[in-house]
Amino acid sequence: MIVPEIAGGAAPELDNLRAACDSAVRQLADAGVPLIVLGSSASTIDYESPARVSLSSWGQPGGEVADPLPLSLSVGAWLVNRVLGQTISPRMVTIAADASAEECAALAERLATGPYALLVMGDGTACRGIKSPGYDDPRAQPYDESVARALAVADVDALLALDPDLSAKLMVAGRAPWQVLAHAAAGGSWRGSLAYEDAPYGVAYFVALWERA
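First residue of the sequence shown? That's 309 in the working numbering, and the numbers climb one at a time after it.
Possibly wrong hints are sitting among the right ones.
Estimated spans, in silico, between C-beta atoms of each pair [stated by the list, open to error]: (1) Ile-396 - Asp-444: 36 to 42 Å; (2) Ser-351 - Ser-501: 30 to 36 Å; (3) Ser-357 - Ala-494: 26 to 32 Å; (4) Ala-469 - Ile-396: 32 to 38 Å.
No lab work stands behind these hints, which were simulated from the structure alone.
Since the model is a prediction, treat every value here as computed from it, not as a measurement.
Idealized CB from N, CA, C, for every residue including glycine.
Turn these sequences into a full structure, and let the hints guide you.
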C-alpha cells in the first residue's frame with residue numbers, strides 16, 4: 309500500500325508514511341557510506357548486483373521480470389529510487405523470516421565489512437482489527453507498542469527480546485530484520501527517533517531513525 313500505483317485511490321491516506329520514509333532514506337544517504345537494504349523472506353540471501361526489482365505481482369504497472377527481489381527488498385528499492393533515483397546501487401540482503409537469534413547475530417556479523425548505513429524493511433503485526441489480514445488479536449497492539457518504544461529510543465535489548473513464535477502468530481514481518489539491526493548496533497551508543505507509527509488497514513508501520521550518539 310505504500311506504493312501509490314498499487315494503492316490507487318487509497319494512496320493519499322499514506323502520504324505521511326511516505327514522507328517519513330523519504331526523510332529517513334535521505335538521512336541514510338547523507339551519511340556518505342555504503343547502503344544496505346535488509347528485509348525478510350523465506351531464506352537468508354545476499355543478492356548479487358544488479359538485482360531485479362518488480363512489483364508487478366502486486367499490481368504495479370511495468371511488466372514482470374524473471375526472479376525479482378522479494379517484496380521486502382522490492383519496496384526498499386522503490387523507496388531508495390524514489391528519493392535518490394539511480395545514483396546508488398545498495399546491497400540487498402534478506403534474513404529468513406523464521407531465523408533464530410543465532411542466525412540474526414551471524415548475519416549482523418557478516419554485514420560488518422566497514423562503515424555502512426542500514427535500511428531495515430519490516431512491518432509490525434497484521435492483526436490490528438477485524439479487517440486486518442490476520443483478523444483481530446488482542447496481543448497485537450501491545451506488541452506493536454513495545455516495538456515502537458524500542459525503535460524510538462534505540463533499545464537493542466527490547467528488540468532482541470521479541471519472541472519469534474508470538475511474532476509469527478501475529479504475522480510480523482519485521483522481527484528477524486529488527487533483531488539483525490539490534491545485533492549490528494549492540495555495543496554502540498545510539499540516538500533513536502520515531503517519525504511514524506500507525507496501523508493503516510490493520511497492519512502496523514513504523515519509521516524510525518537510529519544515529520550514533
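Now for the hints, and whether the structure bears them out:
For Ile-396 paired with Asp-444, a C-beta distance near 41 Å keeps the hint of 36 to 42 Å intact. Checked against the given bound of 30 to 36 Å, the beta carbons of Ser-351 and Ser-501, roughly 32 Å apart, stay inside it. A C-beta distance of roughly 28 Å is found between Ser-357 and Ala-494, which places it inside the suggested range of 26 to 32 Å. Between Ala-469 and Ile-396 the C-beta distance comes to about 34 Å, which sits within the given range of 32 to 38 Å.
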